[in-house]
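The lines below spell out each chain.
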Amino acid sequence: MRGAKSAKWVAGAIVVALAATACGGDSDGEGKSKGSGPAGYVSIDVGEPQKPLIPADTNESNGSYVIQSLFTQLLDFDSKGDIVYTNAESVTTDDSKTWTVKLKKGWKFHNGEEVTSKSYIDAWNWYANIKNNQQNSFWFQDIKGYDDVHPEKGDPKAETMSGLKAVDDHTFTIELKYTMPYFNYKLGYTTWAPLPKVFYDDPKAFGQKPVGNGPYKFEKWDHKKLIQVKAWDEYQGPNKAKNKGVQFKAYTTLEAAYKDVVSGNLDMIRQVGPTDLPKYKQDLGDGAIEQPYAAIQTLTPAFYSKTFKDIDPKVLQGLSMAIDRDTITKTVLNNTRTPAKGFTPPGVKGYQNLDTDVFTYNPAKAKQLIKEGGGVPGNKFTIQYNTDGGHKEWVTAVCESIRKATGVDCTGDPKPDFATDLEARDNDQVKGMYRGGWVADYPVNANFMKELYHTTAEANNGKFSNKEIDGLMNKADNAKSLDESVKAFQEVEKKLVEHMPAIPLWYYRINGGHGKNVDNVNVDFHGDLEVWAVTTK
Amino acid sequence: MGRYVARRLLQMIPVFIGSTLLIFCMMYALPGDPVRAMMGDQAYDPTVVASIKKELGLDQPLLQQYANYMMGLFQGDFGTQIASQRPISDVILDAFPVTLRLTLFAFTFVTLVGIGLGVVAGLRPDTLQDRGLLTLTLFLVSMPSFVLGFLLQYQFAFKWQVTTPTVTDSADWSQLALPAIVLASLSLAYVARLTRTSIAENLRSDYMRTAVAKGLPRRRVIGVHLMRNSLIPVVTFLGIEIGSLMTGAIVTEGIFNVRGIGLEIYDALTRREGATVVGIASLMVLIYLAASLIVDLLYAVLDPRIRYA
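Going down the list, the protein sequences come from chains A and B.
Under the UniProt record's numbering, the first residue of the first sequence carries the number 1, and numbering increases by one thereafter.
Under the UniProt record's numbering, the first residue of the second sequence carries the number 1, and numbering increases by one thereafter.
Bound-form chain A, shown alone:
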């Protein structure tokens, strides 16, 4: 029994230790906020931002929601995609190359510091500098002197971009490397936000506790659970908060968030999950939101692959006509998408009705076009997608539709997750087509063409290259005015149909909702809910 006794003692000690850790864990949770927020605050299911909250280091939607509430750029867009000036009085140009920005006076950061030309120029120089590794630094590449602060290799040659000059405290000029008639539209992206002086003391700490100039002031960040911001009384922009504050609450699944909206623990949900889609309009009543926004889904052929190398565009047009977009969006996608009619979604400047039947289901003509074009090599191809994003169902349906209509064999090429999918695209390992997607960065049609199908475009993973189209796009960029440029890009879009750099499938729609406690929930052009305008009942 001696052995048994000492073993008892050891086991007892371990049990006590385990219990102690459990107690320790328990007490640290005390005092945290319960389900509903402070009175007058609204809550939304925005999850943990991937990165620290620095405007130029965020381009995923969770982070940009929070950044948009804390920072305000020079300008913003209304629901039609037109410019609304926020921090800027005006942004003007005579030659589309040198732009003059006039700031509104009296704007302050949340710590009381005034927003001046310097707040913008210093911030942009810092963002663009390669040493700071900012994810969105390439947004500044049109500015003269960008290559000095962001060389392809090695250390930067300068600390500042020569294209940025302060005229006085509230006026500064931006000189570009080339003409770009829609440059002012780019300025609406969250990346162009100004920074207060306190940022440069410790950017790392700032990223956890940002000080902005936006409608809301940072309150707290309880990692993976909640970010809380408070309406800022001194804000002077048109998008002044109509509620007292916002709680961005992290949810692990769309279903969990949806349940909380229905039961009243959460005010707004950005997207209803597939399982709840069939009943969310009944559940939420007036609170159900269904609206299109400026984003598109495409099938993009890899023009370096065996299958699609030197393919006749007629084959791609044929494949496009073999896809029954109407039925697939209605059944498989539960009406969450609108069939595409072109390369540019509605809601952006220059959206047009292309006079073509390439995007209409027509099995007979599809077969004929594919035959005329010489057919798909091997009579089969694959569509690459990532299985972690809910794409499997529609890829299968699209393949089925193509097979039925034309007899061309089509199969999905699943990758386990987005990271793997991206790697295959970057390394030119896509075997056939891949699923492409694009959300508007700024609401101008150029964003859906120049950034995707120009030979030198970073996101041109299909490696589409056509000298004529490149030339037309360059010419459109050189246009004197925005209208001319938009019109020129409309011509480019018409040309794209002849070359088919991708097969547009459908435009996105937001299927979200809100509970009974809030009102005035609107959607902006890139599909985000406008949190500042939401009122509590």
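In case anyone wonders, no lab produced these hints; they're calculated from the structure.
Note that this is a predicted model, so its numbers are computed, not measured.
Keep in mind that a hint or two might mislead.
Over the 10 Å line for every Cβ pair with chain A, so calculated as not near, a few chain B residues [unchecked claim]: (1) 62; (2) 71; (3) 76; (4) 141; (5) 147; (6) 177; (7) 197; (8) 210; (9) 217; (10) 218; (11) 256.
For the chain A half of the interface with chain B, some residues (derived, Cβ under 10 Å), not all of them [unchecked claim]: (12) 48; (13) 137; (14) 208; (15) 436.
Ideal Cβ positions, reconstructed from N, Cα and C, are used throughout, including at glycine.
Got chain A sorted already, so can you dock chain B onto it with the hints?
Relative to the frame of chain A, chain B by itself:
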């Protein structure tokens, strides 16, 4: 006894190094680059990607990275997350107590209710209550935990409204009850069945007859003579189950929105945050090792014939 424990503890070192290296290699072998994945679908700048990788040491060969990681670990540094730039120890400290709480809740539930049900059924085999237990456990074993999770969530939270559908505050024991029961249900069925069989079998053994013949009170016959011998397989199972419960919490944590280690490791895996995965996995390895040591020591408590030299 002391030497035995010391030997076991020393054995843990190679196991720990081996398993972390293995996980490290597996993360390395996965396709997908964490820095690139962070940039997403839209346009990005390859120069920035290269620059970030260099800063994090991700451009070095695998063994060098592993060596760096282990060096850091010995100094108590779990590393930094690539995207959020938070120390991984902070991330673990946020999530670990939540899962630990959930697991302990589930474990206590399994132990008390599982053994209790098993004893009740095992003492009277082939009666109505025994058959009832067998049916109930069959039901629990065959039911996937996400089905049970959704079912209970629907019943309790939406129909009867006795609890919140998701856990809004993971420090609140009452909110954790439902997820803990769902998490426990599968093990509960195993434990109940194991106890029941073991008890039913030992009821017929010689020492039981002897004990009864000696005229010992029933309480002592069952409590000491029968229970001690019958619990050996159950304790083995329970020991291993602590680890499984912690890792098995992924599904349950998802359904009930519990911000624990399961979700953390899932997130880290899809984002290729190698250091986070290895950090959490190493902790899991330690827990498994500790649990199996406790189980082995408990044998001696239950059966005096088992000795450790």
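Any hints from earlier that this structure breaks? Give me their numbers in increasing order, please.
-> 11
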